[in-house]
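Chains as they are written, first to last, in the working numbering: chain A, 9 to 95; chain B, 2 to 256.
Keep in mind the hints are simulated off the structure, nothing from the lab.
Beta carbons are placed, not taken as given, at the ideal position from N, Cα and C, and that holds for glycine.
It cannot be assumed that every hint is accurate.
[Stated by the list, open to error] Dumping the calculated DSS-like pairs for lysine-lysine here, alpha-carbon to alpha-carbon at most 30 Å: (1) Lys195/B to Lys252/B; (2) Lys195/B to Lys10/A; (3) Lys34/A to Lys68/A; (4) Lys35/A to Lys133/B; (5) Lys34/A to Lys10/A; (6) Lys68/A to Lys10/A; (7) Lys238/B to Lys35/A; (8) Lys25/B to Lys50/A; (9) Lys34/A to Lys252/B; (10) Lys50/A to Lys68/A; (11) Lys42/A to Lys10/A; (12) Lys25/B to Lys68/A; (13) Lys226/B to Lys93/B; (14) Lys34/A to Lys93/B.
[Claimed, not checked] Non-contacting residues of chain B with respect to chain A, defined by C-beta distances greater than 12 Å in every case (computed): (15) Asn80; (16) Leu92; (17) Leu95; (18) Met128; (19) Tyr227.
[Said to hold, decoys possible] Reference listing, derived: stretches of chain A covered by chain B, where coverage requires no fewer than 3 residues with Cβ under 8 Å from a Cβ of chain B: (20) 10 to 22; (21) 47 to 57.
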Amino acid sequence: MKLRLYVVDGAPNSVLAIANLAALCKKNLQLSFKLEIIDVLKFPRRALADGVLVTPHLAKLSPAPVARIVGNLSDSGSVRLALGITT
Amino acid sequence: MQAGEVDAVIDAAHGNVFLLAGAKRALSEAGGEPANGLLAALPGRDYLRLLGEFELVALASGQVLYQPGERIGHVYFPNDAVVSLMVVLELKALQVGLVGPEGMVGVPLALGAERASVRAMVQGAGMALRMKAASFREQLEHCIALQRELQRYAYVTLLQARQTAGCSLFHQVEERLAYWLLMAHDRMRAGSQKITHELLADMLGVRRVGVTNAASNLQRRGLIKYHRGDVRVLDRKGLEAAACSCYRTVKALTG
Numbered sequence: 009m010k011l012r013l014y015v016v017d018g019a020p021n022s023v024l025a026i027a028n029l030a031a032l033c034k035k036n037l038q039l040s041f042k043l044e045i046i047d048v049l050k051f052p053r054r055a056l057a058d059g060v061l062v063t064p065h066l067a068k069l070s071p072a073p074v075a076r077i078v079g080n081l082s083d084s085g086s087v088r089l090a091l092g093i094t095t
Numbered sequence: 002m003q004a005g006e007v008d009a010v011i012d013a014a015h016g017n018v019f020l021l022a023g024a025k026r027a028l029s030e031a032g033g034e035p036a037n038g039l040l041a042a043l044p045g046r047d048y049l050r051l052l053g054e055f056e057l058v059a060l061a062s063g064q065v066l067y068q069p070g071e072r073i074g075h076v077y078f079p080n081d082a083v084v085s086l087m088v089v090l091e092l093k094a095l096q097v098g099l100v101g102p103e104g105m106v107g108v109p110l111a112l113g114a115e116r117a118s119v120r121a122m123v124q125g126a127g128m129a130l131r132m133k134a135a136s137f138r139e140q141l142e143h144c145i146a147l148q149r150e151l152q153r154y155a156y157v158t159l160l161q162a163r164q165t166a167g168c169s170l171f172h173q174v175e176e177r178l179a180y181w182l183l184m185a186h187d188r189m190r191a192g193s194q195k196i197t198h199e200l201l202a203d204m205l206g207v208r209r210v211g212v213t214n215a216a217s218n219l220q221r222r223g224l225i226k227y228h229r230g231d232v233r234v235l236d237r238k239g240l241e242a243a244a245c246s247c248y249r250t251v252k253a254l255t256g
C-alpha cells in the first residue's frame, strides 16, 4: 500500500498522526506499506500540487481506490475503513 | 475528524501555509509555558534546563508504556495525554491510578526503584514530554524543586491507590464507574473520551456485562452519553452525585 502523509513537522496533530499511522502499520505487518512523509512548511508547492489544503492529510495512492483522510488519525476505525484494511 | 485535529491550512492561491494556534504554540515551545502541571510549578530556570533533555512524543490510545516488572526506560510528563495505571493479577487488571497533565508516569524512578510495578497504558491519546531514565535520575539529583514536586505527587498517587483498594471492595460498580469517569474528565482536554468496553472492564476489574449495565444506567439517568466506545459527560454535577465518596475524598486530600 502506497501512502503519503502531509504534516507540519513538530506540530501536535502531525506528530499524533505519524504515531497513529505507525501503530496501524505495526498492527498490520502482513500488508506492505510504503510511506512518504512530507513537511508542508518545507515543501508547500508540493502539497499544493497534490491538492492538499490542510494538515495532517493522509493520501492513499495505491491500490485503487485512492482515498484521503484529514485529521490526526486517532479514529482508527475510520482510518482502517478508508484504507480498506478489513483484517 | 473532530475539531482541533488540524495543524495548518494552505492558501491554494499563493501556496502560503498558515499555522493554527496549537501548532504555533508547539513550534515555539522552548521558553513557552509548560502544559504539564508538575513542570509548570518549577522555577523557569529549572524548566529550561530540563527542556534540553526532553523529547515531545505522541501517545496513541491503547499504547502500553510499561508492563509490571519491566525496567522503566523513560518518564513521561503528559501535556494532554492520559495514562491509566493498572495492577495486573492473573490476566485480570484493575485501574489504581490515572495520570494526566497534572502528573508524571514513572514515579518509581523518583523513589529510587528501577522497575514498574503496574501496567501503564495510554487511555487518552495526546502529547507528552519524555526523558530517558538515566537523564531523569541525573536531573533529579540536581533539581531540588523537581524533587519536592515529585515527593508531593508520589504522595498523591499513594492516596489514590489506597482509596482504590477500599473503593474496589466496598463500592458498587456504577458509582465506581462514575468516579473514574470524573477522574478522566478532569484530566482530558477533549469533550469526549474514547474508552472501549474492554478497557472499562479492566479499569473496574469486573466483567464486561457489569460495565454495560452500569454505563447504561448512567446513560438512562442522562449523566453520560456512551456510544461505540465514545464517552461524553452530559451532566457533570449529576455524575458527581452518582459517584462514590472516593471522588470527593481524593479531591479534598490532593487539592
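For each hint, the structure was consulted:
1. Proximity of Lys195/B to Lys252/B is assessed by CA-CA distance (about 24 Å); at most 30 Å being required, the pair is judged to hold.
2. Under the criterion of a C-alpha separation no larger than 30 Å, the hint pairing Lys195/B with Lys10/A is consistent with the structure, at around 29 Å.
3. For the hint linking Lys34/A to Lys68/A, the alpha-carbon distance of about 17 Å falls within 30 Å, and the restraint holds.
4. Note on Lys35/A and Lys133/B: the hinted pairing holds, with a Cα-Cα distance of about 26 Å set against a maximum of 30 Å.
5. Under the criterion of a C-alpha separation no larger than 30 Å, the hint pairing Lys34/A with Lys10/A is consistent with the structure, at around 15 Å.
6. Proximity of Lys68/A to Lys10/A is assessed by CA-CA distance (about 6 Å); at most 30 Å being required, the pair is judged to hold.
7. Between Lys238/B and Lys35/A the alpha-carbon distance is near 40 Å, which puts this suggested pair outside the 30 Å criterion.
8. For the hint pairing Lys25/B with Lys50/A, the CA-to-CA distance comes to about 16 Å; that is within 30 Å, so the pair holds.
9. Restraint check for Lys34/A and Lys252/B: the C-alpha separation of about 39 Å exceeds 30 Å, so the hint is violated.
10. A distance of roughly 21 Å separates the Cα atoms of Lys50/A and Lys68/A; the hinted pair therefore holds under the 30 Å criterion.
11. Taking the CA atoms of Lys42/A and Lys10/A, the gap is about 5 Å. The hint holds against a cut of 30 Å.
12. This hinted pair checks out: Lys25/B and Lys68/A have alpha carbons roughly 28 Å apart, not beyond 30 Å.
13. With a C-alpha separation of about 27 Å, the suggested pair Lys226/B and Lys93/B falls inside the 30 Å cut-off, and the hint holds.
14. Note on Lys34/A and Lys93/B: the hinted pairing holds, with a Cα-Cα distance of about 25 Å set against a maximum of 30 Å.
15. Against the 12 Å criterion, Asn80/B falls within the reach of chain A, whose nearest CB is about 8 Å from its own CB.
16. Residue placement check: Leu92/B keeps its beta carbon more than 12 Å from all beta carbons of chain A (closest about 21 Å).
17. With 12 Å as the threshold on Cβ separation, the claim that Leu95/B sits away from chain A holds: the shortest Cβ distance comes to roughly 25 Å.
18. Its beta-carbon lying about 5 Å from the closest one in chain A, Met128/B breaks the requirement of being farther than 12 Å from that chain.
19. Listed as a non-interface residue, Tyr227/B keeps its Cβ farther than 12 Å from every Cβ of chain A; the least gap is roughly 16 Å.
20. Three residues within the 8 Å Cβ limit are the bar, and the region 10 to 22 of chain A against chain B gives 7, so the coverage statement holds.
21. Residues of the region 47 to 57 of chain A with a Cβ under 8 Å from some Cβ of chain B number 6, which satisfies the need for three, so the listed coverage holds.
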